[in-house]
Amino acid sequence: MTSELGDAEDKYRKKIDEEDDLILSSTDIRDINDGKTVIKTIPVKANPTISYNGLGGNGEGDGDGDNGDGNGKGNNGEGGKGDNSKVKVGVDKRRLKQMMENWGLSFSKPGKKDKKLYKLLTTENGVDENQEKTIEAMLDRQMATGYFEKNGFKIDVRDEDMRYNFIEEKLIPNLSATFVIMRDISGSMDTYGEFSATIAGLIEFWLKQKYEDTVKIRYLAHTNQAFEFDPRKKDDFYKLVANGGTSFQPAYKLVMDMTDGIAYPSMSPYKERIAYESEDVFLLHITDGDNYEDNGELYNTLKKLFPRLTKVFYLQVGSDSDEFYKMIKSVDRDKVNEVKSGNDISYGNVKKVLDSLLN
Amino acid sequence: MVKKSLEKLLVDGKEIDVIATHGSIIDEKYTAEARKIASFMINKLGLSFGNVEFKILDNEQFAEKVALYGTPLPTWEAGQEKVIEENNMKYRQGVLYEMVGHKFYDNIKKEEYTAVYINQNDTYDEILSVMAHVYGHLHIEHNNRLSKSIDANSNKFSYYRDRYREIESRLDIKTVEKMYDYAQTLSGLIDMFPDFHKNKKNDYYSKEHVYPEEDIYDVYKFTLENVRFNPWEKELLEMMYDINQLRKGARIKIMHEGFATFVQDKYAEEVAKYDINTAFKMRKGILEVADVLSPAQLPYYLGFRLFKDIEKRWDEGRHGILYDLLSEEEKRNYLKNENKGLSEILEITKSYTDWEFIFSYADLNFFKSLTREIEEKTNMMIDNLYGGKYPKHILDEIKAANNSKLDPNILRFQLLLETENYGPMVYVPKGSFKGDKLTLRQDLSFLKRYIGKLSDEEREAFEEQAAQMFSLDNKYTSVSLRRLSKIWKIPIELQTMDADGIPLTIESDGSDISKSNDGEGPKFDE
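Top line first, the protein sequences correspond to chains A and B. If you read the first sequence in our numbering, its first letter stands for residue 12, the second for the next number, and so on. If you read the second sequence in our numbering, its first letter stands for residue 204, the second for the next number, and so on.
Simulated pairs of lysine-lysine, DSS-like, Cα-Cα distance not exceeding 25 angstroms:
hint: 1; chain 1: A; residue 1: Lys56; chain 2: B; residue 2: Lys689
hint: 2; chain 1: A; residue 1: Lys25; chain 2: B; residue 2: Lys689
hint: 3; chain 1: A; residue 1: Lys161; chain 2: B; residue 2: Lys293
hint: 4; chain 1: B; residue 1: Lys377; chain 2: A; residue 2: Lys56
hint: 5; chain 1: A; residue 1: Lys221; chain 2: B; residue 2: Lys313
hint: 6; chain 1: A; residue 1: Lys165; chain 2: B; residue 2: Lys293
hint: 7; chain 1: A; residue 1: Lys322; chain 2: B; residue 2: Lys312
hint: 8; chain 1: A; residue 1: Lys161; chain 2: A; residue 2: Lys144
hint: 9; chain 1: B; residue 1: Lys484; chain 2: B; residue 2: Lys232
hint: 10; chain 1: A; residue 1: Lys47; chain 2: B; residue 2: Lys293
hint: 11; chain 1: B; residue 1: Lys313; chain 2: A; residue 2: Lys227
hint: 12; chain 1: A; residue 1: Lys25; chain 2: B; residue 2: Lys381
hint: 13; chain 1: A; residue 1: Lys144; chain 2: B; residue 2: Lys258
hint: 14; chain 1: B; residue 1: Lys592; chain 2: A; residue 2: Lys47
hint: 15; chain 1: A; residue 1: Lys227; chain 2: B; residue 2: Lys312
hint: 16; chain 1: A; residue 1: Lys56; chain 2: B; residue 2: Lys451
hint: 17; chain 1: A; residue 1: Lys322; chain 2: A; residue 2: Lys219
hint: 18; chain 1: A; residue 1: Lys219; chain 2: B; residue 2: Lys312
hint: 19; chain 1: A; residue 1: Lys227; chain 2: A; residue 2: Lys346
hint: 20; chain 1: B; residue 1: Lys678; chain 2: B; residue 2: Lys726
hint: 21; chain 1: B; residue 1: Lys351; chain 2: B; residue 2: Lys217
hint: 22; chain 1: A; residue 1: Lys144; chain 2: B; residue 2: Lys293
hint: 23; chain 1: B; residue 1: Lys469; chain 2: B; residue 2: Lys232
hint: 24; chain 1: B; residue 1: Lys211; chain 2: B; residue 2: Lys469
hint: 25; chain 1: A; residue 1: Lys47; chain 2: A; residue 2: Lys161
hint: 26; chain 1: B; residue 1: Lys211; chain 2: A; residue 2: Lys221
hint: 27; chain 1: B; residue 1: Lys312; chain 2: A; residue 2: Lys221
hint: 28; chain 1: A; residue 1: Lys221; chain 2: B; residue 2: Lys217
hint: 29; chain 1: B; residue 1: Lys381; chain 2: A; residue 2: Lys56
Everything labelled a hint here was simulated from the structure, so no lab data went into it. All of these numbers come straight from a predicted model, not from anything done at the bench.
Use the sequences and the hints to build the structure in full.
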């Protein structure tokens with residue numbers, strides 16, 4: 012785990028040993044029960060500032076300036092003089108570390124590892140121990156319980172001393188999406204160009220709000236054949252008109268091929284697989300609902316395709332046939348937002364369409 | 204998901220977000236509780252604050268955050284702070300319940316949040332109580348004029364950290380640390396009270412050319428403007444200048460803690476309506492912090508008491524010129540239900556600093572009752588300590604000796620003095636800089652405000668004390684002057700006084716220190 016402080020603690024330890032013009036003192040950690048016994052002494056250095064004689068030490072900082080005695084009422088019971096009290100151990104962790112290194116117990120130098128120690132630390136739990144922290148915790152325990160004073164230093168790692176490196180998993184949201192606009196361009200659709208452009212544009216705007224500029228837009232057109240249209244000419248996309256029958260099977264097959272990465276008919280110079288595993292894929296299908304081909308095969312294609320899509324918007328303009336409208340709903344009720352609409356760009360109608368498409 | 208099920212929190216018509224997180228996971232239980240408390244604070248007490256993220260941390264993480272608060276750079280000082288803090292928490296010495304961190308910008312939500320760190324070793328009730336306390340802090344951070352003027356931002360500091368590491372990797376650690384240490388010495392010379400000085404500006408039509416044109420109290424800034432540094436040195440010093448602006452926050456410490464405790468107490472009152480047991484625990488926790496007479500706890504004790512007092516006075520209408528004109532007996536029987544306590548307190552938090560707060564709201568009556576309280580407490584303590592050992596008349600003597608020093612006037616006086624004195628005030632006198640030597644002079648003119656009110660006898664005693672207290676003749680100052688001289692590369696002299704009140708000039712040329720008694724000494728007059 013990377014820390015914001017980095018190696019600041021090491022810098023501090025080196026700084027204490029260095030000789031400079033900083034002022035060296037120490038702070039004691041005392042036993043919580045009697046308030047007199049010193050458990051641990053931590054050496055402290057301070058940067059000097061221009062300061063008063065009377066109001067001890069440096070200014071305020073964030074710590075607790077317990078030495079401020081200017082208000083003459085620091086009588087809180089526990090400030091007794093500890094002259095005749097027993098002082099147990101005053102060894103600091105840094106010195107112990109040095110001692111350990113002298114005894115060849117260093118874990119920082121790979122060649123010198125103590126076998127017993129090394130075994131204890133690595134074989135028992137094959138996980139990710141933090142050896143340094145484990146030893147520190149052991150020393151802390153030994154010092155606090157008086158074990159160290161009696162027996163001197165001994166390797167005695169217990170369960171409660173074990174420290175592990177904590178690996179934190181972070182989930183980073185993937186902010187990218189593909190939006191596929193699929194338009195029926197058969198002869199019967201030529202009057203609905205403006206209306207479908209409006210709806211598609213508004214949905215596109217909404218997606219850009221949600222995904223910022225990371226949303227990629229793909230334009231597909233179909234009659235009884237399907238192909239991808241050049242996104243650079245998207246203004247012409249809604250004016251496309253062709254003759255011929257209408258079939259949905261090749262259109263949905265085309266989306267399948269794009270997600271699979273198989274070659275497919277295209278007028279666009281950009282050919283890129285839709286990576287449905289790692290991003291959201293949205294499909295908007297605009298049609299008048301007439302499907303001349305058999306629905307059986309289409310149903311199977313839809314069954315395979317839908318798990319790869321995040322959401323399908325189905326917009327039926329004009330209503331000739333309800334067959335496909337019912338079928339697409341039956342494939343996966345949760346994924347499809349469908350609406351039937353007339354060719355009317357009034358506020359009320361557009362709002363109605365968008366409301367039912369986008370919930 | 205949690206949010207939808209809860210009511211919206213509206214502050215000034217804008218919806219705010221309150222969440223509690225455990226690592227990278229949202230803690231739904233605490234989020235719901237935190238929002239409930241926030242709703243009470245906003246709707247019932249009229250507090251306002253921005254988006255909040257409560258981060259529940261273990262001891263080590265907490266210690267790191269504490270270390271990074273004051274010194275956001277990865278330096279040895281931050282490491283030292285962390286080691287001390289971690290050990291303190293490990294052995295339960297001075298446990299920190301909470302810390303209000305800096306603001307940060309959430310890149311995904313596109314909103315600014317304030318991070319609040321909470322110790323996960325607290326009990327459930329403690330955490331709720333602490334959350335209430337924190338909202339008090341957040342209100343002041345959001346509304347107080349001084350607090351708003353300090354630009355503390357996590358994103359900025361993390362940029363500083365990156366820059367510091369980069370400088371460190373190009374040069375070596377020792378070189379950078381040396382400059383950092385010098386910057387820390389300089390930071391004692393940042394101007395904490397820009398609004399207190401009466402600057403004599405140079406007359407616009409004047410033809411004399413002097414430099415500096417007015418008394419310069421911000422010596423750090425003056426150094427940045429006048430010394431030629433290497434680019435990296437200058438960048439580091441500027442970074443440290445910006446970071447050390449945080450020190451100004453000390454000027455509202457009493458108000459901060461007092462208000463937070465006041466609000467926490469209000470929340471305990473609210474809890475008492477439906478759960479008396481928890482409320483009792485909360486109240487006990489508050490008193491453990493805010494009812495202890497030790498210097499470290501003073502802001503809690505004093506601020507809490509003072510806010511309580513103001514609330515009572517303004518609720519009962521006992522304030523204003525007309526009230527002051529009444530006789531003692533009339534005052535005792537006076538009652539006018541105004542219920543303006545809370546609104547007066549919210550008004551105070553907007554623009555006051557500690558000094559102004561105590562100066563205008565803590566009157567003599569308040570300090571009289573405070574001394575009475577302190578007296579009771581010391582008496583109790585003396586009974587506990589010596590009760591079995593000595594007969595009663597000796598106990599009474601001890602008590603009398605202890606309490607004779609307690610004087611409401613002096614207490615008020617000491618407090619005011621402390622709140623405008625977080626370190627020596629030093630300035631570069633107008634027209635003193637000619638390029639070969641930098642002159643610094645101590646400013647003690649604020650003492651005039653207090654001396655004027657004393658009798659002659661008291662005044663003499665005070666001046667004797669003041670000379671001992673406010674003299675700058677010590678080793679900290681000598682080392683600092685040597686360092687300053689190394690930064691400026693010219694001799695530095697400081698005009699102060701010795702412990703007897705005689706003018707003293709301390710001079711350093713970077714290696715030696717020399718002292719002489721000629722010189723003007725500190726400034727006493729405005």
